[in-house]
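Trainee: Line by line, the protein sequences are chains A and B. Just so you know, the UniProt record's numbering puts 40 at position 40 of the first sequence, and the rest follows in order with no gaps. Just so you know, the UniProt record's numbering puts 203 at position 203 of the second sequence, and the rest follows in order with no gaps.
The reader is advised that the hints may include incorrect statements.
Said to hold, decoys possible - Here chain B is said to cover these stretches of chain A; the calculated rule only asks that three of the stretch's residues, wherever they fall, bring their Cβ under 8 Å from a Cβ of chain B: (1) 18 to 26; (2) 63 to 76.
Unchecked claim - Using 20 Å as the maximum straight-line C-alpha spacing, the simulated EDC-like pairs for lysine to aspartate or glutamate come out as follows: (3) B:Lys293 <-> A:Asp56; (4) A:Lys67 <-> B:Asp281; (5) B:Lys540 <-> B:Glu492; (6) B:Lys269 <-> B:Glu314; (7) A:Lys73 <-> A:Asp56; (8) A:Lys46 <-> A:Glu66; (9) B:Lys143 <-> A:Glu66; (10) A:Lys73 <-> B:Asp303; (11) B:Lys508 <-> B:Asp520; (12) A:Lys67 <-> B:Asp303; (13) B:Lys309 <-> A:Asp56; (14) B:Lys218 <-> B:Asp382; (15) B:Lys309 <-> A:Glu66; (16) B:Lys143 <-> A:Glu11; (17) B:Lys229 <-> B:Asp271; (18) B:Lys296 <-> B:Asp271; (19) B:Lys540 <-> B:Glu514; (20) B:Lys312 <-> A:Asp56; (21) B:Lys312 <-> B:Asp281; (22) B:Lys143 <-> A:Asp70.
Because the hints were derived from the structure by calculation, they are not lab data. Glycine included, C-beta positions come from ideal geometry on N, C-alpha and C.
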Amino acid sequence: MNRYTILIYTENFIGILNRITIIFTRRGINIDALTASESRLDGIHKITIECTVTQDQIVHLVQQIEKITDVIKAYYFEDTQVVYQEIALYKLPIDSLDASLEKVIRRFNAHIIAAEKEFVVVEFTGHKEDTQALLETLKPYGLLEFSRSGRVAIAKPRFSVSEYLNHQTL
Amino acid sequence: MIRGADIVVKSLISENVQHIFGYPGGAIMPVYDALYDYHDQIKHILTRHEQGAIHAAQGYARVSGKVGVALATSGPGATNLITGLADAMIDSTPLVCITGQVAAHLLGSDAFQETDVVGISMPVTKWNIQVRRAEDIAPAIAKGFHIARSGRPGPVLIDITKNAQVESGAFNYVPCLSIRSYRPNIPVEAKAIKAAAELINQAERPYVLFGQGVIIGKAEQEFKAFLDKTGIPAASTLLGSGALSEDHPSFVGKLGMHGNYAPNLLTNKCDVLIAIGMRFDDRVTGDLSRYAKQAKVIHLELDPAEVNKNVKCEVAVLGDCKESLAMLTAEVNSKTHEGWMEKFRELELLEKESVINHDLSPTKTGLTMGEVIRYVNQYKADDAVLVTDVGQHQMIAWRYFNFKTSKTQVTSGGLGTMGFALPAALGAQMADYSRQVICVVGDGGIQMTIQELGTIMQTKAPVKVVLLNNNFLGMVRQWQQMFFDRRYSFTELDNPDFIKLAEAYNIKATKVAEREDLSDAVADMLTHDGPYFLEVVVEKEDNVFPMIATGSSVEEVRLS
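Bound-form chain A, shown alone (with noise of 0.2 Å):
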């Protein structure tokens, strides 16, 4: 078992999502993170989704996703190949705040993002290893809260969806 990085590039089509997380339901598969956003290019969307299976299991999930009308296409990374980053916030009493405290943040080069009156809002980003870190070293702080975000993905190897689209063969 391995953890892949999938990146999908699709025609903004409405139940797309849908059509693509039900090859991994159907398997019996766990999509360990998913993001899905705008891609540079105009009406085309970006699903990023992280999972971890076998390399038969990789190359047979991406060839089913490919073959979704609507999927532009679809390309598989291992995590040495791909430049990621995932988002963490964290939600800590504002009595919590002193002298070691601040040493966490400024060792972990985290953020305050937001002060209110009860609480304060940390922003880590980083890889889950990195995120999760910090997560255990602030819970005995008194964490309130905690929210992470999915992978966000750029592949290392050169490719382009751009110059895949214009040479549309009919």
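Fit chain B to the known structure of chain A by using the hints.
Mentor: Leaving out everything else, chain B in the frame of chain A:
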């Protein structure tokens, strides 16, 4: 500006649709109202159930090579299509199904007969869409037909809200020729052809497995030319039957759980396995870990997702096999494989002695399903279409029916849908009234869609129904006998008087229980002008052999 409902019908006419199978209801009524005006251009066949409509559309598509069209209302009308969609999806049958939907402003309100058919049908359609505005109808239908028929064909569902049907929009039908995210035509790589040809030229015991891809790709001539030149033995899958005449010297039989002895056994003896337009279904391969491990595999396949899915191949030749087979034939050497072919013929003799002779010319009292098919072969036309349901009769009819030309079999392969045959036969007949359509069906399956006798009555479609009645769910009973210690749990049927039933539908019906009456009965049926119902009472507890039990290897194929 015309009504959305008229756009639906005019779009279908623009796609050269001549037949639609359907069932009306509230949310699709505007389209039915429009059909009233176009009945001289488009023929609607009213089935007795939406499942009947979609299976009929499937039979129609498989025989005509055109896209089958089914029409249903929202809610239960739409959900009744699901089995047919799943069947068409797994057997690559091109369909466009149009369903009515509640008005757009009611979506999500649990309105009367509202169901999320786009959501429900997503896993069993190649593509689906909901249309909520009249002007979006024609582009959706154009795209739907393009997707259904191109590449690896499949079913498409278009859900049209009632407001879109009654509101007006501009109509200008522009056929869809390409979609930027969808590339159904993969150019054949010369490099792959070269690698495949090299393997074939070096092979001592090459072996061809062919599937429905040859028929869908209209590559029958190219396939025959390839075999004429190479002399390689060739076996067909269930859905591949008909792609090659069984009289061809290369034809060695059928693959799979109840296929022929030699073709299964020798899969593990060949050195190069050439799979053409087939997907290594588990009913063909048996235990994958013991399947053709000694062979180098060449896979000619249109759908990239099928390559290396079940069986890893040495050379993948992606693309349309009509193209790739012609290229391959040019590259391979002229050869014969007499010694290797002899092995098939020897084992075929063994199967004849231990199975086939008993099936076709039995000496015991009870009638066998096989001897019924023997008489069908004797009297049928070369291009007669065999439509079967699912179970023992399906396997026996497939094993013994003499396939001579392409598009002569309609059956539910991948999904194994009981109840498929009767409506599919009706649809097959609609595609071509001049061809004999012989619907072989069991007493279990026919009762799942028996209401379609009403549609046969109303259309007068000259379908010949051959009911092989053993008063059992025969295939399940066979498994109970073999693997569940003869515990016949809920497989015996108390059946109605089928002859009375057929006669109630004004269909000429005959029942045969004695061997001496069989030949004349089959001959009478096939020369009868109009629909005909022939019930043959067969031996209750006959089994289908050869057989590869689930989990067994192809070389463990049993003759008894």
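Trainee: Confirm or reject each hint.
Mentor: Against the structure, the hints come out as follows:
no.	hint	verdict
1	18 to 26	holds (count 4)
2	63 to 76	holds (count 8)
3	B:Lys293 <-> A:Asp56	holds (18 Å)
4	A:Lys67 <-> B:Asp281	holds (19 Å)
5	B:Lys540 <-> B:Glu492	holds (10 Å)
6	B:Lys269 <-> B:Glu314	holds (17 Å)
7	A:Lys73 <-> A:Asp56	holds (19 Å)
8	A:Lys46 <-> A:Glu66	holds (13 Å)
9	B:Lys143 <-> A:Glu66	holds (18 Å)
10	A:Lys73 <-> B:Asp303	holds (15 Å)
11	B:Lys508 <-> B:Asp520	holds (15 Å)
12	A:Lys67 <-> B:Asp303	holds (8 Å)
13	B:Lys309 <-> A:Asp56	holds (9 Å)
14	B:Lys218 <-> B:Asp382	holds (19 Å)
15	B:Lys309 <-> A:Glu66	holds (14 Å)
16	B:Lys143 <-> A:Glu11	holds (14 Å)
17	B:Lys229 <-> B:Asp271	holds (19 Å)
18	B:Lys296 <-> B:Asp271	holds (6 Å)
19	B:Lys540 <-> B:Glu514	holds (14 Å)
20	B:Lys312 <-> A:Asp56	holds (11 Å)
21	B:Lys312 <-> B:Asp281	holds (13 Å)
22	B:Lys143 <-> A:Asp70	holds (12 Å)
Violation of the numbered hints given earlier is absent; every hint is satisfied by the structure.
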